[in-house]
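Protein chains: 2
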Amino acid sequence: MVDVVKRVFKRHGAVTIETPVCELKETLTGKYGEDSKLIYDLADQGGEILALRYDLTVPFARFCAEHGIDTIKRYHISRVYRRDRPAMAKGRYREFYQCDFDIAGDFESMVPDAECIKIVTEILEELRIGDFVLKVNHRKILDGIFAVAGVPAELFRSICSAVDKLDKSEWAEVKAEMLQKGISSEIAETIWSYSQKKGGVELVLELLQDELLCSNELAKEGLEAMKKMFLFCDLFGVPPGRVSFDLSLARGLDYYTGVIYECVLVGQDVGSVAGGGRYDTLVGMFTKKGKSIPCVGVSLGLERLFTIVEKNIQGAVPSRPTQVLIIGATGKDDKDQIFAERLKLCNVLWANGISCETAHKTNAKLMTQIQLCEKELIKFAVIIGSGEIQQGIVKIRDIATREETEISREELPAKILELLL
Amino acid sequence: MVDVVKRVFKRHGAVTIETPVCELKETLTGKYGEDSKLIYDLADQGGEILALRYDLTVPFARFCAEHGIDTIKRYHISRVYRRDRPAMAKGRYREFYQCDFDIAGDFESMVPDAECIKIVTEILEELRIGDFVLKVNHRKILDGIFAVAGVPAELFRSICSAVDKLDKSEWAEVKAEMLQKGISSEIAETIWSYSQKKGGVELVLELLQDELLCSNELAKEGLEAMKKMFLFCDLFGVPPGRVSFDLSLARGLDYYTGVIYECVLVGQDVGSVAGGGRYDTLVGMFTKKGKSIPCVGVSLGLERLFTIVEKNIQGAVPSRPTQVLIIGATGKDDKDQIFAERLKLCNVLWANGISCETAHKTNAKLMTQIQLCEKELIKFAVIIGSGEIQQGIVKIRDIATREETEISREELPAKILELLL
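Those sequence lines, one after another, are chains G and W. Sequential numbering of the first sequence, starting at 1, is according to the numbering used here. Sequential numbering of the second sequence, starting at 1, is according to the numbering used here.
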């Protein structure tokens, strides 16, 4: 799976950057909204106050700021840490893999944003994960809705994190949270009337005619951006059904400033398998003069995808890379001599780039070793006994067909390489 | 470098196992001798008391115990954490990569131990790192020396960690530490008379004739083991000069029980680049009934090797994976149309597995883009303008030769794949 993901990232010209597992605690503070309580702190043993990274995005932004990077397409496949309640069956762990792809730089509006959608589409299609939908929304549209509904500006992020719960909770519950956070029932109902809308580019066009919403400049900007995004997705060949403009999508994190994504598998109960969005001000939080770099990125959760991919695997999968097992046909008094030959043969095959092993026991039984090949899906056995040593030959056994052929020792590596092709 | 290391590990039939970055603090306690103070602890935020892994060996042993694994050849390439004083120029960091190869299981004495030496030899040769020597010693020989010299048994590990400093400190200094630890000058001098010895298999044979040393059963066992190790290294094709039996080698860690290794580069001031040894009792520390599994392993430090490999790199290295850049030849009023074509062409090449990019700006200049290809070592540019669009063709530019050829859009992906071969 990692190979597939990496291949797609590289196909889009991305380079990898590795950031440390530990960041300064202050780097992570104030970036994750209500989820900040899930950050793992390191003990204060003198020196810097550190914490384990919560995601790969904030460390990337810190890295760009620190190294003065203003244009980059990068990927990073690594683990992040959350003090969360694990749910193994659903692929929810405290330590888990994220596969991040980010584009930093001052570009044509919404092109990098559409490329992120393209990337997720390619990866999930190559993983044959089944049907999926990329939900997309825009923070400016959300903020526009809050503004026209009458939410006070200082409550935007707080109400946004209530909207974020709509995918898991009933409206009544979310509404109660909103009222408790200090807005009126009427305001909440206006938000709800918009949050229920979802659709394709036609919904964008419809909302561009919505007088109330378009009285807000932010909302209009967001809608125009969404229109472009649908256009670029189309040019990138993303099938229209894959992308759903979903006004209930909010994302809990504080740092998003533009488009936000979340990818769900249709008919699979694993939660979202990818998420992301635009964060144009995050890098600026780490630069001395506050100069920022526009960034957009997406992150895939490997473990959740794995629970699905694993179910689709058919037949046996080789558990080790071994292509050849060297086996001794040992008589009464020749086990040390044959063992020595086995080690020498390993060296010959290794020198030719062939993955090969031999039992680290002088008295390993021929039949047990052949059974091991069958069990472990090792394709070929090379068998050597006293007779073979005398004649300067070895036997190659094709494990699947059980055919055995004799060959001179000199020709062995070339023959194995040919058979492996 | 990681690819080279991984290829060698897999050639030897090893599978990878990933363990978490955090372990229970108690798992790490009492395993690292005097260096335990370098362990990074996590803050107590409720729940388990955790620490960052100090190496990959102890987590591997814990894993084998927990999952009841009794036979495995595994590798793990990942980062470990030490609260140490960093020295960047020498590749000494607080967070750094170790490449570990371990063999667990009850095997013919010294065969897995010799395979570890073979692995290090293959990797360093494939990395073209220059001349290197694998220093080898045996804990039983060290303990035998301590015993015949008259060191009380309870001081063995403590004196051993003094001997460990011989590669960095003068004998006078080490001797002072020994005296301070409570042994006599005479005992210290006896240890020193042995510690100065180094050589090949002939030194093993010489010491097997040493009456004082061989009066100790442990020492004799260790010497017999070393004799076998030299034999198996020879069968594995390890050149004799690569392995040096060095009685001053001690290794600081508590958990070694047999052979110990350390690899140094000749004439390079970077410290040891690999180390390891046998740890037959470590797994038993984590099993309920104390049942252990014999293990031996070796660990390469990637950063130190990198400081050397980096110096040997000649010429420019491509900084990104991009094989093709799609460039627009834009006139006055056609930039949006040509931009759309550029995005479509990207999609066509991606669909054919080609790594490709286009500038995310509608007004990117033709010459600037060609210069970008030259700078970033991108091999081919695909150029498209209004004329090309009308004729259904594109231009392919070979960046090195500056030759341009026209080709129909349909034939583009096949042609690029052919050119890239």
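The reader is advised that the hints may include incorrect statements.
Which copy is meant is left open, so a pair is good if it fits within one copy or across any two.
What the hints assert, rightly or not - Straight-line alpha carbon distances no greater than 16 Å define the calculated EDC-like cross-link-like pairs of lysine to aspartate or glutamate that follow:
1) Lys-90 <-> Asp-70
2) Lys-25 <-> Asp-41
3) Lys-361 <-> Asp-106
4) Lys-25 <-> Asp-210
5) Lys-335 <-> Glu-26
6) Lys-90 <-> Glu-374
Because the hints were derived from the structure by calculation, they are not lab data. Note that the coordinates shown come from a computational prediction; the quantities given were computed from them, not determined experimentally.
Hint check:
no.	hint	result
1	Lys-90 <-> Asp-70	neither (38 Å within a copy, 30 Å between copies)
2	Lys-25 <-> Asp-41	both (7 Å within a copy, 15 Å between copies)
3	Lys-361 <-> Asp-106	between (62 Å within a copy, 9 Å between copies)
4	Lys-25 <-> Asp-210	neither (44 Å within a copy, 59 Å between copies)
5	Lys-335 <-> Glu-26	neither (64 Å within a copy, 44 Å between copies)
6	Lys-90 <-> Glu-374	neither (33 Å within a copy, 47 Å between copies)
The earlier numbered hints that this structure contradicts are 1, 4, 5, 6.
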